[in-house]
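J.: Residue numbers (my numbering), protein chains in the order written: chain A, 3 to 261; chain B, 3 to 261.
It is worth saying that the hints were derived from the structure and are not from the lab. Hints may contain errors.
[Said to hold, decoys possible] In silico lysine to aspartate or glutamate, DMTMM-like type, Cα no more than 25 angstroms apart, as pairs:
1) Lys57/A <-> Asp252/B
2) Lys11/A <-> Asp100/A
3) Lys57/A <-> Asp201/B
4) Lys57/B <-> Glu215/A
5) Lys11/A <-> Glu66/A
6) Lys57/A <-> Glu66/B
There are 2 protein chains.
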Amino acid sequence: MDPARLSPKQARALFRSGLRTTTSGFSPGYAQANLIALPREAAFDFLLFAQRNPKPCPVLDVTEPGQVSASVFDGDLRTDLPAYRVYRHGEPAEERTDVTDLWRDDLVAFLIGCSFTFETPLLEAGVPVRHIEAGTNVAMYRTNRECRPAGRFRGPLVVSMRPIPADRVADAVRITSRYPAVHGAPVHVGDPAALGIADLSRPDYGDPVQVREGEIPVFWACGVTPQAAVAASAPEFAIGHAPGHMAVTDVRDSCYQVP
Amino acid sequence: MDPARLSPKQARALFRSGLRTTTSGFSPGYAQANLIALPREAAFDFLLFAQRNPKPCPVLDVTEPGQVSASVFDGDLRTDLPAYRVYRHGEPAEERTDVTDLWRDDLVAFLIGCSFTFETPLLEAGVPVRHIEAGTNVAMYRTNRECRPAGRFRGPLVVSMRPIPADRVADAVRITSRYPAVHGAPVHVGDPAALGIADLSRPDYGDPVQVREGEIPVFWACGVTPQAAVAASAPEFAIGHAPGHMAVTDVRDSCYQVP
């Protein structure tokens with residue numbers, strides 16, 4: 003099974019049958035998405051939070067309450083992601099590969115752009131993506147930057163980090179800035195301490211990754227930010243993807259590219 | 003009083019004191035915005051409608067319920083637009099220059115990008131803007147294209163039309179496509195009948211404008227679309243701007259420009 007050769011439909015079928023893996027490198031050329039599902043009564047506050055924080059929370063699609071597929075995702079949101087994280091009153095209560103029995107009629111699902119989407123054009127341009135080389139999950143960190151609050155939702159900006167050779171940082175900026183719907187250009191280049199990240203080797207989500215001689219850590223806004231907001235804001239119930247275990251959509255990366 | 007020399011603050015003071023006029027040409031260099039204020043219980047459906055229809059409904063800002071200013075608008079939303087249109091159960095009930103006594107604690111105000119914003123760069127590039135030359139309001143039309151519905155909101159796409167010399171259409175596309183937050187590139191060039199517009203000389207909102215020999219009508223998505231959705235969807239109460247009578251914001255046009 004070569005993840006790079008699977009169609010989104012094939013990848014989702016594997017996840018539905020129980021394969022649990024990070025989706026980085028799966029179905030290249032197709033956009034991946036973060037999931038956060040919330041009760042209808044919290045949905046306005048969250049949509050406003052996303053509107054006010056478009057770098058970490060670019061909304062690709064929103065379902066009607068109770069709906070289990072989406073215009074960008076012709077699968078079942080309850081089974082077709084490799085893993086889910088369930089929150090009760092803001093606390094991560096459990097991780098699962100199937101949330102069918104937990105899905106409620108009042109849940110509104112938000113699909114949020116994911117930076118895995120721009121890894122394909124980075125690789126095509128010869129910019130190395132270490133965590134794909136290593137076969138691990140991307141490293142993600144909570145930062146000391148607060149998102150703009152909205153209603154009950156507040157929380158820190160979460161970022162993903164990729165070590166980039168110094169002479170390719172400009173290319174990485176240029177290439178990713180063309181994909182604003184999947185987090186776009188980096189929010190920070192260099193010094194992790196300026197973001198309040200004390201130790202790069204201990205990410206808050208995902209796996210650590212080596213920053214080699216001649217490389218600089220580059221930070222992009224991350225779609226796990228909504229889950230950090232759930233943790234900070236404690237809505238009664240929420241279902242997210244397990245970080246790095248994304249929804250593989252049916253939309254081509256190029257659809258989210260601007261000139 | 004030269005509208006082109008007024009700061010946004012000065013323009014708003016004039017409107018607050020009762021001046022009723024279309025705002026095209028006012029405070030050039032500053033973005034203008036459409037207003038739609040809705041009861042909190044309808045706000046999620048509307049924000050979702052905007053998210054699903056980003057060309058006509060690019061959201062610049064959303065207030066908390068009852069708030070009367072906004073981060074992009076350091077004035078009073080109840081008095082500082084030149085004119086308002088009040089809707090009850092979807093019917094335009096009255097037009098006013100002050101809605102202070104009608105503003106409710108549960109109203110959420112949405113500020114939506116306006117194509118007046120990109121008229122300054124059009125003029126700077128020597129692309130004529132007829133309705134500014136003529137000192138009239140821009141011509142706006144309901145089309146036969148339906149927006150993507152969301153919850154209770156549905157309705158037709160509304161467009162604004164500017165006649166553009168055939169050899170400047172490409173420039174008009176190129177320039178306006180750099181302003182996606184204020185409707186961006188045209189949605190249609192040429193034949194009005196294809197949009198279901200039977201007679202260009204009878205706009206649904208604003209004033210008619212002459213299309214001269216050698217010019218072609220060019221249509222942009224319009225921020226009156228939310229008001230057409232209010233008319234089609236009949237929420238209990240809504241306050242919009244009177245078409246063409248916009249909120250003059252404190253944000254520079256250039257802030258909404260992409261590379």
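J.: Give a verdict on every hint.
T.: For each hint, the structure was consulted:
Annotation: proposed proximity of lysine 57/A to aspartate 252/B holds, straight-line Cα distance about 22 angstroms (limit 25 angstroms). Note on lysine 11/A and aspartate 100/A: the hinted pairing holds, with a Cα-Cα distance of about 17 angstroms set against a maximum of 25 angstroms. Restraint check: the Cα-Cα separation between lysine 57/A and aspartate 201/B comes to about 42 angstroms, which exceeds 25 angstroms; the hinted pair is violated. Pair hint lysine 57/B plus glutamate 215/A does not hold up; C-alpha atoms about 45 angstroms apart against a cutoff of 25 angstroms.
For the hint pairing lysine 11/A with glutamate 66/A, the CA-to-CA distance comes to about 22 angstroms; that is within 25 angstroms, so the pair holds. Restraint check: the Cα-Cα separation between lysine 57/A and glutamate 66/B comes to about 21 angstroms, which is no more than 25 angstroms; the hinted pair holds.
Hint check: violations occur at hints 3 and 4; the rest are consistent with the structure.
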